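Line by line, the protein sequences give chains E and V. When we follow our numbering, the leftmost residue of the first sequence carries the number 486, and every step to the right adds one. When we follow our numbering, the leftmost residue of the second sequence carries the number 538, and every step to the right adds one.
Just so you know, the hints here were simulated from the structure itself, not pulled from any lab data. Computed from a predicted structure; not experimentally measured. By construction, the Cβ of each residue, glycine as well, lies at the ideal position given by its N, Cα and C atoms. Incorrect hints may have been included.
[What the hints assert, rightly or not] Pairs of lysine-lysine, DSSO-like flavour, derived with a Cα cap of 30 Å:
| hint | chain 1 | residue 1 | chain 2 | residue 2 |
| --- | --- | --- | --- | --- |
| 1 | V | K539 | E | K553 |
| 2 | E | K553 | E | K509 |
| 3 | E | K553 | V | K579 |
| 4 | V | K593 | V | K539 |
| 5 | E | K509 | V | K579 |
| 6 | V | K539 | E | K563 |
[What the hints assert, rightly or not] Selected chain E positions facing chain V (Cβ under 10 Å, derived; list incomplete):
| hint | residue |
| --- | --- |
| 7 | V489 |
| 8 | I540 |
| 9 | T590 |
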Amino acid sequence: DAGVIQSPRHEVTEMGQEVTLRCKPISGHNSLFWYRQTMMRGLELLIYFNNNVPIDDSGMPEDRFSAKMPNASFSTLKIQPSEPRDSAVYFCASSQSLTGVEQETQYFGPGTRLLVL
Amino acid sequence: QKEVEQNSGPLSVPEGAIASLNCTYSDRGSQSFFWYRQYSGKSPELIMFIYSNGDKEDGRFTAQLNKASQYVSLLIRDSQPSDSATYLCAVSFMDSNYQLIWGAGTKLIIKP
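Model the full structure from these sequences, guided by the hints.
Following this line, the structure appears as structure tokens:
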């Protein structure tokens, strides 16, 4: 299994530019999570999809952030316009829809390191 | 308020000794408990999970759960320098709808 795939792995952009991060979950996984990680705030859940439907987006910091999951194998996280405080590592994770603890076990992609100048 | 607390460390342990990492959580409606390891510059990777009181062993790793005390720990026997990483504790709660609540992580350093 290829695992969770994220692109790009690194992104450097200037303040005000649009940034799009991409994620392909593990095949057969029905839940997808977008996280942001910084030294100051640790790992923060931004948004969570189940069966392509956004379930909880309470962690999305503001209207500049949006996420979509048009099908079971692809999701995007967009920041428009980007700001220096958005600089962080963005992780995508996926989990299976089975009963019990397997449903909750999340597998992470390699992350996208975003630097907004 | 659901919270998961970990000592940020760093926790320094000599090679070959037992490393003990601790995690407490604030809500009794908890279900499952996860330990992830994160090397610097890498993504979190699952070590093991536990959902029943008691111990669960996997190789050099042992997870210990005490729901009455709202406490979960991870023991690493025969610590190796390659175990040096940040260890994240995560907890799922009955109404969390498959979400995990994450601790801030404990940085572990194994000294040769």
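Taking the hints in turn, this is what the structure says about them:
This hinted pair checks out: K539/V and K553/E have alpha carbons roughly 27 Å apart, not beyond 30 Å. Distance check on the hinted pair: K553/E and K509/E sit about 12 Å apart at the alpha-carbon level, within 30 Å; holds. As the CA atoms of K553/E and K579/V are separated by approximately 25 Å, the hinted pair is consistent with the 30 Å bound. For the suggested pair K593/V and K539/V, the alpha carbons sit about 24 Å apart, so the restraint of at most 30 Å is met.
The hinted pair formed by K509/E and K579/V meets the criterion: a straight-line CA distance of about 18 Å does not exceed 30 Å. Restraint check: the Cα-Cα separation between K539/V and K563/E comes to about 28 Å, which is no more than 30 Å; the hinted pair holds. Proximity of V489/E to chain V holds as hinted, the smallest CB-CB distance being about 8 Å (cut-off 10 Å). Taking 10 Å as the C-beta cut-off, the interface hint given for I540/E holds, the closest approach to chain V being about 6 Å.
With a cut of 10 Å, the hint placing T590/E at the interface with chain V holds, because the nearest CB-to-CB distance is about 6 Å.
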